[in-house]
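There are 4 protein chains.
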Amino acid sequence: MIITTRADVTEAQIDAIRERVESVGLRTHLSRGEQRTVILCIGDDARLADVALLTLPGVENVTPVLKPYKLASREFGDGPSIIKIGDRAGCTVGGRALAIIAGPCSVEGPEMLLESALGVRSAGANMLRGGAFKPRTSPYSFQGLGAAALEMLSSVRAQTGLPVVTEVMDTRQVELVAEHVDVIQIGARNMQNFALLSEVGRVQRPVLLKRGLSATVQELLMAAEYIMAEGNRDVILCERGIRTFETATRNTLDVAAVAVLKRETHLPVIVDPSHAAGTAHLVKPLAFAAIAAGADGLIVEVHPDPETALSDGDQSLSIDAFEQMMQQLQAFAEAAGRTLPTTARPEAQVA
Amino acid sequence: MIITTRADVTEAQIDAIRERVESVGLRTHLSRGEQRTVILCIGDDARLADVALLTLPGVENVTPVLKPYKLASREFGDGPSIIKIGDRAGCTVGGRALAIIAGPCSVEGPEMLLESALGVRSAGANMLRGGAFKPRTSPYSFQGLGAAALEMLSSVRAQTGLPVVTEVMDTRQVELVAEHVDVIQIGARNMQNFALLSEVGRVQRPVLLKRGLSATVQELLMAAEYIMAEGNRDVILCERGIRTFETATRNTLDVAAVAVLKRETHLPVIVDPSHAAGTAHLVKPLAFAAIAAGADGLIVEVHPDPETALSDGDQSLSIDAFEQMMQQLQAFAEAAGRTLPTTARPEAQVA
Amino acid sequence: MIITTRADVTEAQIDAIRERVESVGLRTHLSRGEQRTVILCIGDDARLADVALLTLPGVENVTPVLKPYKLASREFGDGPSIIKIGDRAGCTVGGRALAIIAGPCSVEGPEMLLESALGVRSAGANMLRGGAFKPRTSPYSFQGLGAAALEMLSSVRAQTGLPVVTEVMDTRQVELVAEHVDVIQIGARNMQNFALLSEVGRVQRPVLLKRGLSATVQELLMAAEYIMAEGNRDVILCERGIRTFETATRNTLDVAAVAVLKRETHLPVIVDPSHAAGTAHLVKPLAFAAIAAGADGLIVEVHPDPETALSDGDQSLSIDAFEQMMQQLQAFAEAAGRTLPTTARPEAQVA
Amino acid sequence: MIITTRADVTEAQIDAIRERVESVGLRTHLSRGEQRTVILCIGDDARLADVALLTLPGVENVTPVLKPYKLASREFGDGPSIIKIGDRAGCTVGGRALAIIAGPCSVEGPEMLLESALGVRSAGANMLRGGAFKPRTSPYSFQGLGAAALEMLSSVRAQTGLPVVTEVMDTRQVELVAEHVDVIQIGARNMQNFALLSEVGRVQRPVLLKRGLSATVQELLMAAEYIMAEGNRDVILCERGIRTFETATRNTLDVAAVAVLKRETHLPVIVDPSHAAGTAHLVKPLAFAAIAAGADGLIVEVHPDPETALSDGDQSLSIDAFEQMMQQLQAFAEAAGRTLPTTARPEAQVA
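Residue numbers (my numbering), protein chains in the order written: chain A, 1 to 351; chain B, 1 to 351; chain C, 1 to 351; chain D, 1 to 351.
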């Protein structure tokens, strides 16, 4: 932590500031500049996190030196983490092969889910997404099929071999969701629902953590830290667009965040082009851009019949459109030194 | 809902669009302009909320006409709502008298809480705030005293007569919190934690709903709608600063939101100048601005000794500073046609 | 400037960094922490402004310590600046009396301008605004009457005694505009039009400098510094709303910026509630909030007949509405320890 | 234009609104819904642009139907525009071959400019950038070599055959700049400097128009419309990052804007990854993402020795780093169905 003092700071104030810092176990070093005196605090910044330095007379401002995340930091990991999904050999996130998660926004019934799963698997996806509990802006919108949808996801996983991903919204549902799915998703609106983060930190399931609509990269990493601090180290980060003044797209895909995160953390980073775009015709260019920027995978909304979807139909790809996207994606993956998922077409249990 | 078609739309596409809209029970009206054909959808927009109109060939864009909130809308209320707090006569939010909620960020112990309560009551506040469960960006920061803090709040309420406000972060704690406090707060980070909104909608306690860091005014009203739709109509809205590019303040107080909300909803609107500011010296001007813009009250962080506060010390006022603010506030309240709380100095049970 | 090094920095890299800093005349001080080594650069930060420190191997990040503005800084001024307007005794900006600038968005003709001037003067304004050259988003919108409007402004000033304010958009027009008006306005879209800033810095007329739509407080002060560095010290800053994600208002009035600026600079700060609001009914609450937060004045769009205005009619007050606002403003001004303009109703030359 | 009326609108108010709309030559159509009456305005929206509809009693809000740009719109163009640069055969922007513009932020002298030009040409760039007049946040920073730099650009163009691009900041310099360079750049801070836009609209040189820091896609197109309305149809749009709350990058590259623009306009769209990133190590992933999203080219800051650059050194690539980027770019270009510039390595006049 670096404390810059006001131009009119007194010696007594400087002494008081140093004393306060040293009282929590850090050392201080004083540096007198031509216009400003700077107090360097040497030791663990975290001990100063709850000290109200700005209230001390003579303090102008305070700049942290150390990153507040530890478990999530690049230095902590032993190289990039590769997270194993489910019990299928070879399904991982973070390695050379991209992870492609696809499926409907909401699970609307067993047939559409199976149709979606077969469709996305055949097109090259290696995981299935599908919402059981849906966070909707309006209480009057379709809220998901709940527990029944979890059963459908389990069943379709058994039928297709695809690991499944679904969102959890309530601490009371974490255990139930963890029983049924391979990856637990924390949605953008719950990225700083700290009670929920801690709860999913206590189960043994990989967590797909979406960046909040107005969360900084650092806050995303701190949210991951919440999960990891409870013992669950398998966190997959997901950039899905941030909120800006631009209204031409539903959100603004922060594609640079992918590159920043790859430098800051050992955790894998995927991109959700569907929510960033808000309309189907933008999904493809955003997916390509994400892979070009270094993302470890994608999560894409695909629906057998987007026109009749009960949620997010506007931004869902048809199975055909997804298939076409995957074909074109191949060349971008190669340009980025990656491969498409290799576990995507296993011994088919169904088709 | 108004559907604008693409310049190259065909008659068959127009027919298909109209059919889709009419299939959910609305009527359509076609209007052919010089450059664009527009399809007006007559009836309840809500029925179209889950219809993926943008996926239909020929559609350029879709504009809602009706507001998506109903219970929270100005038209629904019978004039501005006045919400009764606790069982004390005369403590209300939304009437001519301002509501002034003050107290520490976190409950740190029984003595400091009582000292805070007596201090803010004597300065003119009519409610006490104090965090029991604290949403902190870092898992390594002080997380609040939890259930023990709830007991302290109950006890200090009994001693001082001040109704108490505290935040709830977990659906599993709603019942417990509701038993101990007069107003349940939903924090900014949980504004779209829909499971939590529904849960507090089911208890009989007024809810103080803070605007999310990047929530629009409309989304704030939709979050209130979630609570109200479950039966709890006593929602107090709170503007507390939004996230923008500006870094000179912790958040940007959107003072216009107060005026917009007063026009859009019958619910009372208060302002949290402390979180908007991020530093103590900005709290006063923001508090005055809020009242000048028409806010129904304030929620302010006050600590007996901000320098030693376990959280938010930088933005907490000392009791003296709060008292000085309240004295100056009087004239602004009068200019706005309001009064300071009249129930603030009751038969003192303690002092 | 404080340079934080990477965890894996080498001694040779540290030496190279220190050498680079010292090569432009600063001294360095090394501080080895437990996890990071920090290099403090002692001396004038400005010399490092153009040094690409981030390109040096081993550098993690760079934090400035000193503010980049000098002439505009609070320390530079001898207390708050009071800027004298025109040659009329007593018309100033920055003193105890508020400055109230009012008038039409565009000068549409001599009669409407005179009617506006008499109306706003009678209501208590002490300066007249009126656009001659209009920055319009569309090339097909009304662009102002240009030089003819300048003549009308001169003439109405002579008739009413009100100093006049108008915007300049082109370096080639600065001289002409300066001849005709008392205050030259730089619009929000030109806040970082550095050629124009320098040009108005070379004339002897106070400059009203509007904050850019996405300019930080610090960038606004740097824009003022551009003007002041050329010799013109009479700069009036104007907060007029910034661009955020919120769409309920045209812009988001950053009322805290007023308080931040009053602390950072000796220059006076006024507020434009009309552009922040975008609709007439929000102008009043924003104007009150601005004064409550400590603004030195207002600039308000007023039109004799807003419905027929050639620009910004939606956000213009009628003369009646402005008069009503001014009456209510009195109490807010007093609460803030200010007075309404005293020079507003001089020996009337016309009415 | 679609006018939504208030719930309590009267028949007389509806009549007055219709009359006002019809008075400027449009027709109206009334549609009575269950809760709201909507007035459809049929005809050219532009005629209503300056009508203050919101001031009319009974109006709730107003929604435009037509896009405000015409010359820049996709419908206007006869397919995507291919803009010819300079008098060299084959140098174009907008065709299948990407345009790669590279060079130093500022022209610092004849040797470094020639070295840069030879370096970027050899790496595969087909145009040279170099600033003569520099927009700097601080008046105390290096402001560019001005007219002398224009001479150097001319001279290096003659020596290397590379067309040159430079920024103009002042209407008084447009003619001079147009004489010396092949493409005139309008910088982000001047995107809504309408006087400057009109001025470059009157010369016969392609214009590279950068998106403003907080400009919407629609405002960027309106700025292009300003140039085109004056007669100059050769406008190249450039996404260079927008301002958001995120501080991990200098700006947030809005990669989706590329895809949106390609759909909305016939004009070519390139990307500036250097200014979006703010640090050299992010330039490569952003460049790849831009091409993957469909950009027609790149403009990249390259310096023979970034550590000693007089401006933007932190975000400049060395010639080696640029060469490496170009080699990797090849595969992304192919994946996107594009080629690298073919005119990049002509008969070398110098090397």
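Any given hint could be a false lead.
Note: identical chains are not told apart, hence a pair may lie in one copy or across any two.
To be verified - The list that follows gives simulated cross-link-like pairs (lysine to any residue, SDA-like), each with its CA atoms no further than 20 Å apart:
id	residue 1	residue 2
1	K262	E179
2	K70	A148
3	K67	T4
4	K67	G146
5	K84	T339
Simulated from the structure, these hints should not be mistaken for lab results.
So, going through the hints one by one against the coordinates:
1. Within a single copy, K262 and E179 get their C-alpha atoms no closer than 31 Å, and across copies no closer than 45 Å, so neither meets the 20 Å cut-off.
2. With identical chains, the CA atoms of K70 and A148 are never at most 20 Å apart, being 39 Å at best within one copy and 30 Å at best between copies.
3. Taking the shortest alpha-carbon separations for K67 and T4, both the intra-copy value of 19 Å and the inter-copy value of 11 Å come in at or below 20 Å.
4. In this homomeric assembly, K67 and G146 never come within 20 Å of each other (Cα to Cα): the closest approach is 39 Å inside a single copy and 28 Å across copies.
5. Taking the shortest alpha-carbon separations for K84 and T339, only the intra-copy value of 17 Å comes in at or below 20 Å, while the best inter-copy value is 38 Å.
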